[in-house]
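Can you make the complete structure from the sequences, with help from the hints?
Protein chains in written order, with my numbering: chain A, 7 to 150; chain B, 422 to 591.
These are calculated hints, taken from the structure and not from any lab test. Careful, some of the hints might be misleading.
[Stated by the list, open to error] Footprint (simulated), chain B over chain A, 3 or more residues, beta carbon under 8 Å: (1) 64-75; (2) 101-113.
[What the hints assert, rightly or not] Taking lysine-lysine pairs in the DSS-like style, the calculated list, with each CA pair at most 30 Å apart, reads: (3) B:Lys459 - B:Lys486; (4) A:Lys74 - B:Lys587; (5) A:Lys74 - B:Lys543; (6) B:Lys566 - A:Lys74.
Glycine is no exception: its CB is placed at the ideal position from the N, C-alpha and C atoms.
Residue strings, one per chain:
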Amino acid sequence: MVKRSKKAKTMRKLIKAIWIFNWFNSCGFTELVPVVGSRWDMERFGMIIVGSPRHADVLFIAGYQTLKSIKRAKRVYEQMAEPRVVIALGSCTMTGGMYWDSYNTIKRLEDYLPVTIYIPGCPPRPEAIFEACEKIFKHVKELE
Amino acid sequence: MNPKEEREVEILEDIGSKFDVEGKIQRERRIWISIDNKELIKLCGWLKNQGFEHLSAISVTDWVKEGRFEVTYHLWSYKDKILLTLKTKVDREKPVIKSVISIWEESAQIHERELHELFGVKFKGNLDLSSLFLEDWHGPPPFRKDFDWREYVRDEFYDKENEREKVYYD
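Shown next, in the form of structure tokens:
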């Protein structure tokens, strides 16, 4: 039997049942609904949306964050238990997207929260979201 | 004249006989009037008694060259089904105007709070003008025409040395 590190063990538990907390500020969620629905159905990977950040492993952040909402997002992140993963969706989180010259939106999410993975796109396709999750699965499985 | 516009004419003449206003009937069920800001509260109180109970919105237009802000009140009458647009001007250097919360209360409060945040217009009599969307905002009121938001964004968010962000300075 392979002897795994403590971290690898915890991470394996995490990817068996991924509980997601959504923090969506703009069009992000409406574009992500198909992922929840029956066609792409994220529950077959054990991913489910929970109502409280205290139960969540993964924080999905989609769309631009304003200076006001990023404070709340930080508070949500702080409430999550370790180990935690932040997935940022859409070009807005990376560069500000179409709000690149707005006085009230943040431009790089990584300045405010430790982003694990970015998913580009405006909006990202459901396939792209699964690809990102697969990358995390693969990374965890390679952990020894 | 369209027979439907009789009520509009009646209202406009009624206002004209009591207050010093400029007004016109824009089209069916739409009246535009403008008044000096000193008489605003008196007129608003009178209008509410005439049936204009619903304050749909307050907006501000920034006329930079003229040096004035134009404050616009959109009033709706359920009784007559008429939308009355009431305009008044305030000085841009000293933008202080009396609040209409004494007349329309809560529905005026939130609009005035937002306009104070975005244009810096002070509504005298409104007790809570704290910021609504712009928490911890240090710049000038952002909806003013002379506010250069691109420059503000460059200073605040971007880095000229960053390869990825150099394009914003071209």
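Hint by hint, here is what the structure shows:
no., hint, result
1, 64-75, "holds (count 3)"
2, 101-113, "holds (count 9)"
3, B:Lys459 - B:Lys486, "23 Å, holds"
4, A:Lys74 - B:Lys587, "27 Å, holds"
5, A:Lys74 - B:Lys543, "23 Å, holds"
6, B:Lys566 - A:Lys74, "23 Å, holds"
In the structure shown, no violation is registered for any of the earlier numbered hints.
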